[in-house]
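**Student:** For this one, chain A is given, so just place chains B, C, D, E and F with the ligands on it according to the hints.
Protein chains in written order, with full-length UniProt numbering: chain A, 1 to 199; chain B, 1 to 199; chain C, 1 to 69; chain D, 1 to 243; chain E, 1 to 224; chain F, 1 to 224.
These are computed hints drawn from the structure, not numbers from a lab. Glycine is no exception: its CB is placed at the ideal position from the N, C-alpha and C atoms. Please note that a few of the clues may not be correct.
As the list claims (entries may be wrong) - When the alpha-carbon atoms are kept at most 27 Å apart in a straight line, the in silico DSS-like pairs for lysine-lysine are as follows:
#1 C:Lys43 with D:Lys236
#2 C:Lys39 with D:Lys10
#3 D:Lys23 with C:Lys43
#4 B:Lys157 with A:Lys78
#5 B:Lys78 with A:Lys78
#6 A:Lys167 with A:Lys78
#7 E:Lys220 with B:Lys78
#8 C:Lys39 with D:Lys116
#9 B:Lys129 with C:Lys41
#10 B:Lys5 with E:Lys220
#11 A:Lys194 with B:Lys5
#12 F:Lys8 with A:Lys78
#13 C:Lys39 with D:Lys13
#14 A:Lys5 with D:Lys236
What the hints assert, rightly or not - Restraint-style ranges between C-beta atoms, simulated for each label pair:
#15 E:Glu79 with B:Ala196: 26 to 32 Å
#16 F:Val120 with C:His40: 54 to 60 Å
#17 D:Met42 with C:Lys41: 49 to 55 Å
#18 E:Gly90 with B:Thr8: 35 to 41 Å
#19 A:Glu192 with B:Ala26: 31 to 37 Å
#20 A:Gln52 with B:Thr8: 17 to 23 Å
#21 E:Pro47 with A:Gln52: 36 to 42 Å
#22 F:Thr194 with D:Met42: 52 to 58 Å
#23 D:Lys13 with B:Tyr123: 29 to 35 Å
#24 F:Val120 with B:Tyr197: 43 to 49 Å
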Amino acid sequence: MLSAKNLTCVRNQRVLFENLSLELNAGQLMYVTGPNGAGKTTLLRSLVGLNQLQHGEITFNQQNISECGTNILFIGHKPAINEWLTAEQNLLHWLSLTQVQADSTELLYKVGLTGLTDVPVRYLSAGQKRRVALVRMWISQAKIWVLDEPFTSIDHKGVEVLTALFKRHKENGGYVIVTSHQSLPESIVDQEFKLAYRF
Amino acid sequence: MLSAKNLTCVRNQRVLFENLSLELNAGQLMYVTGPNGAGKTTLLRSLVGLNQLQHGEITFNQQNISECGTNILFIGHKPAINEWLTAEQNLLHWLSLTQVQADSTELLYKVGLTGLTDVPVRYLSAGQKRRVALVRMWISQAKIWVLDEPFTSIDHKGVEVLTALFKRHKENGGYVIVTSHQSLPESIVDQEFKLAYRF
Amino acid sequence: MGAFDSFAEFISMNGYADYVWSSYGIAALLIVGLVFWSKHKRKQLIEEIKQQDEIKKRRSQHTNSEMSL
Amino acid sequence: MFKWLHPYAKPEKAYELSLSFYKWLMPLSLIGIFVGCLWGLMFAPTDYQQGDSFRIIYIHVPSAIWSMGIYMSMGIAGFCALVWQIRLMEISVLAMAPIGAIFTALALITGSLWGKPMWGTWWVWDARLTSELILLFLYLGVFALFHSFDDQRTGAKAACILAVIGMINVPIIHYSVEWWNTLHQGASITKFDKPSIAGPMLWPLLINIFSVLLFFIALTGYRFATELLRAESHRKWVINLIK
Amino acid sequence: MMYSQFFKHMLQRDFQVAATQKHEFGLPIIFFILVLVLFPLSIGPEPGLLNRLAPAVGWIALILAMLIALPRMFVEDYENGWLEQLFLSGYPGSLIVSARIISFWALYCLPLVLTSFLLVPFFSLEIKLWWVLAQTLLCGSMLMACLGSVASALLVASRKGSGVMALLVVPLLIPALIFATATMDAAGQNLPITGPMFILMALTIFALTVAPIATAQALKLNLG
Amino acid sequence: MMYSQFFKHMLQRDFQVAATQKHEFGLPIIFFILVLVLFPLSIGPEPGLLNRLAPAVGWIALILAMLIALPRMFVEDYENGWLEQLFLSGYPGSLIVSARIISFWALYCLPLVLTSFLLVPFFSLEIKLWWVLAQTLLCGSMLMACLGSVASALLVASRKGSGVMALLVVPLLIPALIFATATMDAAGQNLPITGPMFILMALTIFALTVAPIATAQALKLNLG
Ligand code: HEM
Ligand SMILES: Nc1ncnc2c1ncn2[C@@H]1O[C@H](COP(=O)(O)OP(=O)(O)OP(=O)(O)O)[C@@H](O)[C@H]1O
Ligand SMILES: Nc1ncnc2c1ncn2[C@@H]1O[C@H](COP(=O)(O)OP(=O)(O)OP(=O)(O)O)[C@@H](O)[C@H]1O
Ligand SMILES: [Mg+2]
Ligand SMILES: [Mg+2]
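Just chain A, same shape as in the assembly (with noise of 0.2 Å):
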């Protein structure tokens, strides 16, 4: 399980959040929503030990987050990706960073990337470098996935793949804790966080 309590986080005097608590437990997906800069970047980063917080704690399973390192797969605004590498070797990094055994080739595949291995990333267009930054969802043996607005420039069809993927991970025992400004369909969010903009 993994909980949060009392997180407050205060930037350039305005608080974001205050006292804020929170619970997920496996096979769950929480969804978090609210305005532009409300605070929901800033949470997500906490979660996972990102940010420094004025205050509050957070555990998964009775663990302090700072020690799960291999248990979290964070996705966030940054990409994580060398734009000067290929997506296969951007890719390769990550396999042997999280130490995953898989075939390079098939995940490309499978996120519509074939016939661009060679191709650095900088080239790519909006959409597929986001997809290269994504295809650590089909690899990922984390328990808990966080991630920042994953639909950011994705295709229709991409999102429908994205949203099968949180299906298939909630239902494997994982934890998904997830924000988007595109609605995600209700049969697979079991808990929805709305932060509301503070002045």
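**Tutor:** For chains B, C, D, E and F with the ligands alone, coordinates are given in the frame of chain A:
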């Protein structure tokens, strides 16, 4: 009337589009769709003259497109914003570049950035950054709007406002060319232009 | 006049006036300047904090985070 | 001891304490400096070798000595800040840096003003002079580093890291005097290695050295209070205090 | 009229950006000073030798400090898309570019020339000679800003940084360096300096007329 | 076992990135060579003088070339988010950092040291002396890579580039420079060089042990 004839673009030996022609009349909106990597961005950049084409010519009222600078508003993937300046400073520079008289405070109010005017743009959230770029649509005196995925990172209400804005521009006899992976309400789309992914 | 025979001699520092007086002058300038700069900074800061406090108050009434036509 | 210190770890208390340092020590130090300078300028006997140019010593030596002293205290404070995560220490590093930089600049300026009549040039590349110049760069580095960050807290921590690392340099610079002089012909400063300072000359110097120390403490207190206000600017006590 | 206003505005924006990135723009100066200091440190404290090297060190420090600043001439505006908006706005490219060259020179080169005064105490350079040196540096930095703007525009999309920049700019700068050395030699021997100085100025003026056009072309190439 | 594999892989990735950005990584070398060339050009061709200056020029060129390369040590991976993924991956920060320091050194410093051989023909430096110089440069560049990694990590978020970098690194490097000069002087006079050389090595080893930890801290500071 905006018309493009026989546009051909080849990238790295892949034909993105070939002998593509289109026409758009005053007061019309063209919705360019297509899967990731189809060439939407490339097409839009070509239309405003930012891309070298293998073939083809683009005219606006019988004038070559490269001569109607002030008549085009192009908002692409790149925001044209200096992240070290504040939203207001960025806006003021834009105002004096396009030589428009407008009240910057009111404009920033309209895009929902009041209270954040003195914060450098790099601290703003993804959607807020996007809004700083989109504010140009409110003051634009250009006839032709060319917008590449304007809805990226923008929240629900924002999308509605933007659509309303397209409508108003159309009613004033403007031209709108827009791409997006989020669907536009059919009532405002006059032409849908489908680009297929070509191998 | 202490070590000097006359006031004029004191001023001229037996030929080293430029060096001695300018170093004392610069020293005085820098030290006084530092003190005043620190004071100025403090005033500036207090002004800033006051302003921010007001902004914060105003923020709760006058803010808009939504787009509108 | 910690029981006694503890209340001062509260920002309000620390604020009051540091301001009271300023209140009491500042006038004292200014009087001291004034007396020392006046004594040095008017009453100390003329040096038979250097004439009246030697009177620069009353500014040069105190500022030179404390330029090094301040760096050391800055480094130590930075170390404490990093190891024990003491916020107030971080702030004190920031309070000290500009003062140290000014004293370093002063030592350099007065030194070269003294050097011109004595050595015939404004500057020689001798170990001591050079190391003083490097010290100035270190101070500027701490300052520039702090200002490279938008977040005050991050900037302060980064500045502490540099202050601590820079401290390693101080003893090295100190010893480099020996190594360097053995290789490159020592500059004329060697002549003054054993200054035969007599009592009447020495007293105003001692007064000034001591007064400059007091001045440093007083001004640090003041600047510390300011930086503390900045760091705590959203706290209630600050807002109450200002009104 | 409109052009001059546009020009003024471009300059204003550049200064504003520089003011928000204060350090960024103060830093070539620091680099310059450090180069000046590194020399005596590693050569050793011989006033005669240092004096002899002073003009050369001044020029080398200038070239190196500018090589560091040059790559950033257009890159930020290119990456955030402001540059393409400028070119879309319909103003002539060479106008846009000259505004940038001038603001760059005022922000990055002029301070360096002033800072070169440190050669006087540090390298015991005579003030009279420094004055001549400053003039050559003034011309040289303008020339280098022009050459650099072309190089910077060519490289803007490829993020190649100072290295290729150096390779493009320095060979073209060598004639200027030679005439500057000649000027300094003449000044050192109390000969008239008008001859080489004049050539230096002619080079600079030539570069000033050609560079904006070439730069604008190079930028357009990279936007496509 | 796992750690060593991770380490190896990090190195591999850095080399691969360098290979795709060939120019980027060849460029400090070009800069280095340019500094070597600019000297004789602006000083004039006096073999005696040049010979005397050779070690100093070698060191200065090394420092400057590295100052150009250093800011890029972490910045790309920071901006595209790879660095935060590395820190999320649970490997110790100092391991991540040491891999980077070593690959940086191998890619950017080692070639410079080798290139310094050009001093032999250009400045008529004796080969024996060059050998000593190369040793001091080897130590010095390692030391500088360590110091630079801390500075680079501190500045990674602020995009401050070479200027502040210089201000942070050069003062700390001065002791090394002094000992290197001492070593070269001793070698020039055929005296034993072990004394100063030993201190130089001690400094380097000390830096090697401390830098990864400090750098990791600095990076964490910037990720938050
Ligand atoms: C720019 C030039 C100069 C600089 C940067 C400089 C720097 C310093 C420094 C850092 C100290 C403190 C040393 C210590 O406490 O260990 C010092 C002390 C001193 N300096 Fe200078 N100095 C300069 C020029 C001169 C000149 C020209 C003279 C006299 C002709 C001079 C006379 C002294 C004396 C007498 C002391 C006290 C030495 C002692 O503590 O025994 N200095 N200077
Ligand atoms: N240093 C700062 N100064 C002022 N405001 C800041 C600072 N840092 C962050 N903020 C504010 O904090 C909020 C951060 O929001 P965050 O990026 O988490 O939003 P979000 O919910 O992800 O929005 P979006 O949907 O646009 O991505 C923004 O409103 C931003 O203005
Ligand atoms: N230099 C190049 N080498 C190879 N392929 C290239 C190159 N430049 C562009 N491309 C290809 O051209 C296409 C460009 O697509 P473009 O950016 O126009 O797509 P898009 O329709 O805007 O997609 P998205 O919806 O993802 O934004 C991509 O498929 C890309 O792979
Ligand atoms: Mg966000
Ligand atoms: Mg696109």
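**Student:** Could you run down the list of hints and mark each one as holding or not?
**Tutor:** Hints versus structure:
The straight-line distance between the Cα atoms of lysine 43 (chain C) and lysine 236 (chain D) is roughly 19 Å, inside the 27 Å bound, and the hint therefore holds. Of the supplied pair hints, the one linking lysine 39 (chain C) and lysine 10 (chain D) holds, its CA atoms being roughly 23 Å apart against a limit of 27 Å. A hinted pair counts as satisfied when its Cα atoms are at most 27 Å apart, and lysine 23 (chain D) with lysine 43 (chain C) qualifies at roughly 17 Å. Taking the CA atoms of lysine 157 (chain B) and lysine 78 (chain A), the gap is near 25 Å; set against the 27 Å cutoff, the hint holds.
About 15 Å separates the Cα atoms of lysine 78 (chain B) and lysine 78 (chain A), which keeps this hinted pair within 27 Å; it holds. The hinted pair formed by lysine 167 (chain A) and lysine 78 (chain A) meets the criterion: a straight-line CA distance of about 24 Å does not exceed 27 Å. A hinted pair counts as satisfied when its Cα atoms are at most 27 Å apart, and lysine 220 (chain E) with lysine 78 (chain B) qualifies at roughly 17 Å. A distance of roughly 35 Å separates the Cα atoms of lysine 39 (chain C) and lysine 116 (chain D); the hinted pair therefore is violated under the 27 Å criterion.
A threshold of 27 Å between alpha carbons decides the hint, and for lysine 129 (chain B) with lysine 41 (chain C) the separation of about 32 Å lies outside it, so the pair is violated. Distance restraint check for lysine 5 (chain B) and lysine 220 (chain E): the Cα-Cα separation of roughly 23 Å lies within the 27 Å cut-off, and the hinted pair is therefore satisfied. With a CA separation close to 48 Å, the supplied pair lysine 194 (chain A) and lysine 5 (chain B) exceeds the 27 Å bound. Of the pairs offered as hints, the one joining lysine 8 (chain F) and lysine 78 (chain A) holds, with about 25 Å between alpha carbons and a cut-off of 27 Å not exceeded.
Only pairs whose Cα atoms come within 27 Å are accepted, and lysine 39 (chain C) paired with lysine 13 (chain D) is accepted, the gap being roughly 21 Å. Proximity of lysine 5 (chain A) to lysine 236 (chain D) is assessed by CA-CA distance (about 25 Å); at most 27 Å being required, the pair is judged to hold. About 31 Å separates the C-beta atoms of glutamate 79 (chain E) and alanine 196 (chain B), a value consistent with the hinted range of 26 to 32 Å. For valine 120 (chain F) and histidine 40 (chain C), the hinted distance range of 54 to 60 Å is satisfied, since their beta carbons lie about 57 Å from each other.
Between methionine 42 (chain D) and lysine 41 (chain C) the C-beta distance comes to about 35 Å, which lies outside the given range of 49 to 55 Å. Under the hint 35 to 41 Å, the C-beta atoms of glycine 90 (chain E) and threonine 8 (chain B), about 26 Å apart, miss the expected range. The hinted range of 31 to 37 Å is not satisfied by glutamate 192 (chain A) and alanine 26 (chain B), whose Cβ atoms lie roughly 43 Å apart. One distance hint, 17 to 23 Å for the beta-carbon pair glutamine 52 (chain A) and threonine 8 (chain B), is violated here, with the actual separation near 53 Å.
Checked against the hint of 36 to 42 Å, the C-beta distance between proline 47 (chain E) and glutamine 52 (chain A) comes to roughly 53 Å, which is inconsistent with it. Between threonine 194 (chain F) and methionine 42 (chain D) the C-beta distance comes to about 55 Å, which sits within the given range of 52 to 58 Å. Range check, lysine 13 (chain D) to tyrosine 123 (chain B): Cβ separation about 33 Å, and the 29 to 35 Å hint holds. A beta carbon spacing of about 58 Å between valine 120 (chain F) and tyrosine 197 (chain B) contradicts the range 43 to 49 Å that was offered as a hint.
Comparing the model with each earlier hint shows violations of hints 8, 9, 11, 17, 18, 19, 20, 21, 24; every other hint is respected.
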